[in-house]
Amino acid sequence: MAGIDFGLIVTGQAGQGLQVIAQALAGVFVRSGYHVFVSQDVMSRIRGGHNFTRVRIATKPVGADADRAQMLVALDAKLASLHLSELADDGLVLIDPDDGSRPETGHEIVAVPLRRLAREHGREVMTNSVALGAALALLQHDPEALRRPIQELFAGKGQAVADENLACARAGFDFVCAEGRTCRERIPRIAEDAGRLFLTGAQALGLGAIAAGVRLVAGYPMSPATPIFEFCARNAAEAGIAVELVEDEIAAINMALGAAFAGARAMTCTAGGGFCLMNEGLSLAGMTETPVVIMVGMRPGPATGLATRTAQADLLFCLSAGHGEFPRAVLAPADPEQAFHATIRAFRIAEEFQTPVIVLFDQFMADATRTIGNLQLPIANLQSAERQSLPEGAYRRYEASESGVSPFLRPGTKGQLVYVDSDEHNEEGHITESAEVRVRMVEKRARKAGGIAVMLEPPEVWPGPGRKTMVVGFGSTRGAVLEAVERLRGKGLDVGVLHICDIWPFPIDSVRAALEDSRRVITVENNWSGQVARLLRQEAGITAAGSVRRFDGRQFAVAEVAAGIERLAEGKTG
Amino acid sequence: MKPQEFNSTDPIAWCPGCGNFGIREAVKLALSELGIAPWQTCFVSGIGQAPKLPHYITCNLFNGLHGRTLPVAIGAKLANPELVVIAEGGDGDGYAEGANHFLAALRRNADITYLVHDNQIYGLTKGQTSPTSEMGMVTRSTPWGVIMPAFNAPALAIALDAGFVARGFAGNVPHLAGLIQQAIRHPGFALVDILQPCVSFNKVNTAKWYRHRVYELGKDEPHDPTDRRRAFFKAREWGDRIPIGVLYRSERRPYDIARATHGTTPLAAREPDPAVITRLTERFR
Chain W
323 MAGIDFGLIV TGQAGQGLQV IAQALAGVFV RSGYHVFVSQ DVMSRIRGGH
373 NFTRVRIATK PVGADADRAQ MLVALDAKLA SLHLSELADD GLVLIDPDDG
423 SRPETGHEIV AVPLRRLARE HGREVMTNSV ALGAALALLQ HDPEALRRPI
473 QELFAGKGQA VADENLACAR AGFDFVCAEG RTCRERIPRI AEDAGRLFLT
523 GAQALGLGAI AAGVRLVAGY PMSPATPIFE FCARNAAEAG IAVELVEDEI
573 AAINMALGAA FAGARAMTCT AGGGFCLMNE GLSLAGMTET PVVIMVGMRP
623 GPATGLATRT AQADLLFCLS AGHGEFPRAV LAPADPEQAF HATIRAFRIA
673 EEFQTPVIVL FDQFMADATR TIGNLQLPIA NLQSAERQSL PEGAYRRYEA
723 SESGVSPFLR PGTKGQLVYV DSDEHNEEGH ITESAEVRVR MVEKRARKAG
773 GIAVMLEPPE VWPGPGRKTM VVGFGSTRGA VLEAVERLRG KGLDVGVLHI
823 CDIWPFPIDS VRAALEDSRR VITVENNWSG QVARLLRQEA GITAAGSVRR
873 FDGRQFAVAE VAAGIERLAE GKTG
Chain R
409 MKPQEFNSTD PIAWCPGCGN FGIREAVKLA LSELGIAPWQ TCFVSGIGQA
459 PKLPHYITCN LFNGLHGRTL PVAIGAKLAN PELVVIAEGG DGDGYAEGAN
509 HFLAALRRNA DITYLVHDNQ IYGLTKGQTS PTSEMGMVTR STPWGVIMPA
559 FNAPALAIAL DAGFVARGFA GNVPHLAGLI QQAIRHPGFA LVDILQPCVS
609 FNKVNTAKWY RHRVYELGKD EPHDPTDRRR AFFKAREWGD RIPIGVLYRS
659 ERRPYDIARA THGTTPLAAR EPDPAVITRL TERFR
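Note that the protein sequences, when read in sequence, are chains W and R. If you're matching positions, the first sequence starts at 323 in our numbering and goes up one per residue. If you're matching positions, the second sequence starts at 409 in our numbering and goes up one per residue.
Calculated directly from the structure, the hints in this document are not laboratory data. Only a predicted model underlies this, so the values are computations on that prediction, with no experimental measurement involved. Think of the CB as a built atom: it goes at the ideal place given N, C-alpha and C, for glycine as much as any other residue. Some hints could be false.
DSBU-like, lysine-lysine: derived pairs with alpha carbons at most 35 Å apart [claimed, not checked]:
#, chain 1, residue 1, chain 2, residue 2
1, R, LYS410, W, LYS736
2, W, LYS382, W, LYS813
3, W, LYS790, W, LYS813
4, R, LYS611, W, LYS766
Selected chain W positions facing chain R (in silico; Cβ < 7 Å) [stated by the list, open to error]:
#, residue
5, ALA484
6, LEU521
7, ALA561
8, ALA564
9, ALA573
10, GLY580
11, ALA722
Chain W on its own, in the form it takes in the complex (with noise of 0.2 Å):
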């Protein structure tokens, strides 16, 4: 058979339950073989407003929304009109006739009273369960299939309320077969349940923190950054941790030290804003030497900006924050797989050579659901890094040693004494003011990033290096990247991908050796001053011949970064 690769759009307003409706459809087809993949568009508000989530069901991997959707289900049918656009010709709406209004457009209409049957089988706020039914008897997959996912997503709220949805789900079903409606395309099980795992990149970023050994999460809400707290807090008995919410980041980075001092791994999460308030404890952890993981989540700004949005600019930042220097690391996976294992390496890092490592990540990659294959747990990974045996005689925090790390010692060890100051300091860590003292203490920590470099996990590179154009990025358009770029090596073009995780520090060699001999280098990035081409520039050297940007808040569409790519490709300016 022909792969499926289908494209559905759910909106409605705020309060709607879109969600329900994305993941109990992507509960039913990632469980009848599908590679599933949703990405939300939500308005920074409670109730009212316009959402909307893309669903894409296909039979390969995929890692980005659908160029066209085929289905469009509105739960407020004003709102259809916003997407007709991006409704394939042959793409059908349902909206539900009582909204009173009709989109004016050429597709097919699928009118099915949702609220009506909501009333009927169970209560108007399950209208959502009525369209989700709709939609599945469109496909023509078995209604069987609901059962499961509606009893994952309702049962915390009682067993009655998951069966009237179940049965609310089941009416708008047997309405639209009733009418004897359907998709144009069919999506029937194709296989027993691959077992594939199914979760957000903030999920794998909390789930790899847990992995990782995190003992202390200490955090203030943040879109995008708040699911990941949550998912620590959600999970925190089970673990054994303790995830504290505190008065702000300041305070959250500032905790996650003194515990990290006391020798609990930590760490905190936010978003760029809050990472501008944590800017002072990072050059404090630099400083003291003291390990610590920071997830900072990038939406646009300044400041507030777009608050539920997506957007690549805080990579440079990031890389310079905190005031003077001292060695980090910057990991900037792109989906949850690698958001599991990046973190895994961050924990990894700050303790091996005590120093902050930022894992950076965007609203996009946080809030995107999808597919991914068996996590493999680095089981050797999850024990405690051995600690460096103590030296004879008195403990010094700060004993200068080649690599530039020195030995750790918890504090409360029976007859040694822990001195860490963020005060210029000298071995033992008390205050100096020794020029001397002052240049050996610089020289020792900035040693530190050579053995950190030796940890990061090299740039993907694909299909090969030196491709007549190579498209450079990072982080959260890999999916959309990869799929460009293989459609238009399908077109004939010799084009290749160079795909950064771990960023910083800057993988210079590798990245030299993979765009040297091509013609052509073209960055794609979330932003508009082209922040990943200034890097390639400033350390690799390679001036990129233009850049692929996108700035509005939205993630990136392959098809526009397709066309990008080959107008870049062709000579033409960016």
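For this one, chain W is given, so just place chain R on it according to the hints.
Okay, now just chain R, sitting in the frame of chain W:
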């Protein structure tokens, strides 16, 4: 251990005659009398003249940022409740830069002690107005005289039903040492606001000025620290007579005990359980 065994060899950078010397003696005396060894302590201090104190005794120390002592101290205590955690700073550190953390710490009631060296002036930056500078005081930053009322930390702490609130005087070392001992023993957040003469920059609230005014609650005048209304009244007494002693004590449960997920093993001593991680992962299938 004798108090002098807490001495450190780090050269002291305070002005001769500074009130900090008296506070240092009181801290050493209190630790000594409680039988706490230096390795069991965890001092967390900020930036200023006061936060240098832990360098001048033998103890574990995290000397962090200006105003950020309390979150660090709470983090250390959460990670290892066996540590005797003492946060230390000045009035600028705690009541200006760190005021939001102070409010949160009063509410959280973690089992730590907070010693505030309150000299009503910024010392290290050489004589600007602090949150506790008195109305009318002329300083380098307010040559026209302070026109905001002074921040009253003990009164605020009592208003928020803090665990333990005391006021001490750097010029009465044995009394101050007694307060610090009680503060360390108190299970929960314990504030000791210490009146400290600044010989270089505060020419109003001098040692002599204080000596004429301070009197001991419980000795010079009866006082019941569980009487919140009376405690609030005493915390606001200022002028011709200034009370020192334990102002207030509540029975609030310390945060460390109220936190259910902590279990009995200190966080710092726990290792991740692969079975838990596998179980959490399976929930996404």
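Okay, the hints, checked on the actual structure:
1. R:LYS410 / W:LYS736: Holds, because 18 Å separates the two Cα atoms, which is no more than 35 Å.
2. W:LYS382 / W:LYS813: Since the Cα atoms of W:LYS382 and W:LYS813 sit roughly 19 Å apart, the hinted pair holds (cutoff 35 Å).
3. W:LYS790 / W:LYS813: holds (14 Å)
4. R:LYS611 / W:LYS766: violated (44 Å)
5. ALA484: violated (17 Å)
6. LEU521: holds (4 Å)
7. ALA561: OK, holds: W:ALA561 within 7 Å of chain R, min 5 Å.
8. ALA564: Holds, because the Cβ-Cβ distance from W:ALA564 to chain R comes to roughly 5 Å (cut-off 7 Å).
9. ALA573: Holds. Min distance 4 Å.
10. GLY580: holds (3 Å)
11. ALA722: Since chain R brings no Cβ nearer than about 19 Å to W:ALA722, farther than 7 Å, the hint is violated.
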